[in-house]
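Participant: Based on the sequences and whatever the hints tell you, model everything.
Which chain is which? The protein sequence lines are A and V, in order.
By numbering that gives the first Met the number 0, the letter at position 37 of the first sequence is numbered 36, and the numbering carries on one by one without gaps.
By numbering that gives the first Met the number 0, the letter at position 49 of the second sequence is numbered 48, and the numbering carries on one by one without gaps.
Every clue listed holds true.
So the derived label-pair ranges between C-beta atoms look like this: (1) A:Asp228 / V:Asn278: 24 to 34 angstroms; (2) A:Gly233 / V:Ile237: 16 to 26 angstroms; (3) A:Gly431 / V:Ala433: 30 to 40 angstroms.
Calculated lysine-lysine pairs in the DSSO-like style (CA-CA distance at most 30 angstroms, straight line): (4) V:Lys165 / A:Lys151; (5) V:Lys83 / V:Lys100; (6) A:Lys201 / V:Lys453.
If you're looking for bench data, these hints aren't it; they were derived computationally from the structure.
Yeah, the Cβ is synthetic: ideal placement off N, Cα and C, and Gly gets one too.
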Amino acid sequence: MSLESISANALNFLKEEGADQAQVISSHTLLEELQYENNDFTLLRSVEDQSCDFTAIKEHKKGSYSVSKTDDDSLKLAATKAISIAESGQADKAYAIAREEDQVTKGHENFESGPQEADLDQMTKTIQHFVRDVAQTYPQIGLRSVGIKFIKSEFHYLNSHGLEVTSSKGYYNFSVMFNASEEDKSSSMDFDSLTFTDFDEKINNLLAPERFGDKFKHTVSHLHAHKYDKGFTGKAIISPQCWNGFIQMINGHLGTSSLLAGTSKLQGKIGERVGSKFFHIESRPHSPLFAIPSIITGEGIFTKDITIFDEGVLKTYLVGLYGRNKLDLQEVSNFSGHLYMPAGETKFEDMIKDIDEGILIGRFSGGMPNSNGDFSGIAKNSFIIKDGKIAQPLSETMISGNLFELIQSIYATSREVYQNGNLHLPHVACDGISVS
Amino acid sequence: MATQQIKALSDLLAHHSSDSGYMELRLQKTKSHLLNLINGDLMANDESMSTGFSSRSFENGGWGFASSSLIDVDNLTAQDQMEKAKQVLLKAERHGHFMGKAMHNPLDVNLPEQKFSYIQDRSRYQREVATKEQVEFLKDLNDFISKKYNDLKSVQLILSFNELDKTMINTMGSQTSHLLPRTALYLKFSIEQDGEVVSLLEPLSGNGRADIFLKDPLHYEEVIHDLYKRVKDKSHGIHAAAGVKDLILAPAVTGILAHEAIGHPAEADLVKAGSVAGNYLNKKVGTDLVNMVDLAHTYNGQELPVPVYIDDEGVEGRDVHLIENGVFKGYMNNRELSAFYGHNSTGNARAFDYNDEPLIRMRNTMILPGESKLEDMIASIDDGYYFLQSSNGQADLTSEFMFGVTMGYEIKKGKLGRAIKDTTISGVAFDMLATVDMVSDEMHISCSGFCGKKQRMIVSHGGPSLKCRLHVGGRS
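Facilitator: Structural data, given as structure tokens:
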């Protein structure tokens with residue numbers, strides 16, 4: 000049965016069972032994964048998944064149910080179950096299924112992108128070449144895991160207000176996890192990933208060992224990492240991948256849960272300056288800077304590019320239909336992937352030169368910040384910056400600070416930008432980080 | 000049903016080429032249910048059930064895996080379903096052949112010939128609680144809390160259920176059919192003090208379906224009062240002082256230490272990848288007081304929260320004694336790595352969903368109790384902290400670890416003092432174990448979280464209170 004037929008049957012069953020509003024998402028996913036661990040290939044894995052997700056609202060009560068069996072009998076049983084789950088809930092007029100007037104932009108009702116089937120030969124060769132080149136160029140680097148996944152994801156969205164969208168996307172994801180070893184010493188792990196749609200020249204360049212050069216060199220230097228002999232509070236440069244984690248923590252304060260619970264530090268601050276002018280974050284779900292677009296949310300809202308923080312000023316929360324209605328907001332705005340932060344004007348090496356004593360944070364392994372934004376954790380793959388130079392590789396070093404003070408203290412962003420198909424972020428220089 | 004499914008899988012296995020290597024077949028249903036009530040508003044009321052079939056083959060050191068959800072696991076004996084499943088089996092076999100060719104150095108590895116059968120009596124899990132009953136329970140609990148403690152800024156209650164229902168056979172002759180249900184109830188209170196919002200989460204968990212928690216709110220009176228008192232204390236809390244400190248880790252924190260900092264580095268796949276634990280076999284890594292295990296299913300005659308009688312490679316679940324009297328004794332393994340290291344199989348190969356390949360995963364990981372009394376441990380510290388609850392934790396192959404600490408008190412001159420705000424502790428596990436000089440006689444086990452290692456997995460961990468020295472993050 001086609002996805003369109005599954006959705007149509009499922010929606011009819013929901014209506015027959017008494018749903019006032021409903022939506023159905025039928026999906027089909029193919030995954031091919033080739034994995035290399037330590038010194039050889041270890042796994043070739045194929046997955047074929049099909050599922051149908053039901054959401055029903057009846058008498059202002061909402062429930063959802065997801066199944067992988069999609070024959071008619073199973074769909075009918077699942078529709079009954081979804082209605083039963085909804086009836087068990089509690090009435091809330093904020094529950095909604097997307098209507099035309101809920102849309103914040105026009106969208107495409109049919110969407111197709113990327114390859115439609117895996118090129119296993121290219122997947123194999125790409126891993127073989129990567130492993131060979133790294134072994135030749137960086138013999139102390141141990142590739143603990145290298146993998147390429149091909150994912151073809153098709154879905155069909157249909158709801159009781161007439162919205163219907165079909166999408167088919169194919170893409171590859173390359174991931175690598177590595178450390179350095181020498182005699183009985185081994186460094187911490189580091190990792191990287193890249194999402195792409197074609198094995199073209201550009202991807203070959205991005206997967207060349209030169210692109211990972213600084214990371215590999217830093218990892219090798221961490222064979223001789225040790226504690227810094229004194230604590231201080233001062234400047235820090237945060238790597239783009241690490242900075243992504245901090246953005247996620249900040250965006251957590253813009254979601255429905257924290258706004259409803261009243262635990263968000265950013266509640267009521269739309270239009271206010273909450274960060275320095277360098278703190279500029281956008282979500283660009285349709286930008287060609289990213290490997291695959293995100294065209295629609297799980298609630299059937301077409302995505303659009305949004306600015307979350309405009310040169311330090313909070314522009315929007317990140318809420319879906321329920322959050323919009325419950326909090327009496329204007330628009331659905333939960334588009335928080337495809338994070339974009341513009342390149343700055345300062346060269347990375349000049350950012351380093353500017354610091355007498357500070358820290359270059361490669362990775363942050365920390366506890367979830369508390370409601371006030373206080374965070375602390377280990378600075379992994381990190382270095383002390385001393386007298387304008389990357390000096391000492393660090394081990395067992397804790398850093399702490401406050402998210403909201405951090406974004407106000409940002410004083411530069413790097414000209415160089417990290418892109419991996421999912422992110423477009425520079426290095427970020429800030430102040431007020433405690434090192435102990 | 001189990002007998003029919005095993006018969007159907009056996010018929011399918013007959014299609015496996017006899018000159019190919021090891022193969023396993025698995026049918027699985029994975030259920031989940033999430034209810035999330037924030038200040039009385041039902042934010043999530045979501046259920047799911049995924050079903051599917053998977054097949055995995057092993058040839059010359061490489062694995063081929065294929066799975067599909069398009070096979071009706073309740074009706075596998077039907078000819079069309081058998082044909083679809085056969086295609087999945089053949090695909091896994093082809094993948095195994097492909098791996099043999101792609102590998103630089105195909106290995107002449109014989110997986111250990113271990114055969115085990117476990118057909119679970121499922122009658123113990125018969126009761127499925129209606130969603131309506133669960134929602135009513137949460138609403139009653141919310142009303143009870145909100146009326147009694149009306150200065151709370153928010154009350155969040157989450158009831159989360161996951162169940163793995165597996166039927167598996169392999170070419171070694173192992174077979175099994177069993178359920179692993181886990182339910183967790185999370186209570187999160189937030190309170191505002193001087194413009195600052197402070198939150199604290201209490202996770203309760205156990206083996207079973209939602210019925211294990213559906214009790215009168217009065218049953219939770221003590222838990223609720225303790226959580227309220229702690230969040231109130233925390234709202235007046237101070238920042239911990241940064242530096243290396245004498246600490247007492249309560250059982251909940253000891254459990255996450257056991258799992259993250261020592262358990263992961265002791266997984267044989269991570270040892271092969273260069274974990275520092277590979278250097279420590281049969282070496283002293285802690286004081287004589289340190290004893291740590293990954294138990295398969297039973298402790299002191301009681302079944303544990305995550306009982307694994309057989310793993311997903313058809314190996315009997317056996318206890319692993321990781322540390323005995325401070326000496327590091329062994330790794331957790333799967334069939335392949337038990338052969339690689341020449342160790343006995345432990346039965347740690349576990350997959351979360353039907354489309355996941357089995358990986359080496361922990362089961363019930365804990366540091367064993369000692370003989371000290373908690374009050375004596377507190378009295379022995381002149382200037383330090385007592386850490387009661389943790390949030391997330393991470394470790395790497397060097398055994399350097401960190402955990403978030405969400406609740407704790409300072410200890411001054413042998414007595415508990417002020418509460419502290421959220422902080423983080425870190426250290427190197429195999430250094431830290433050498434500082435353990437008191438271990439309490441209590442024991443607490445939790446299965447509330449998921450372990451993430453490529454896939455999710457239900458695990459439990461626990462232990463006593465430990466006295467040790469660790470680096471505390473905080474404001475200098």
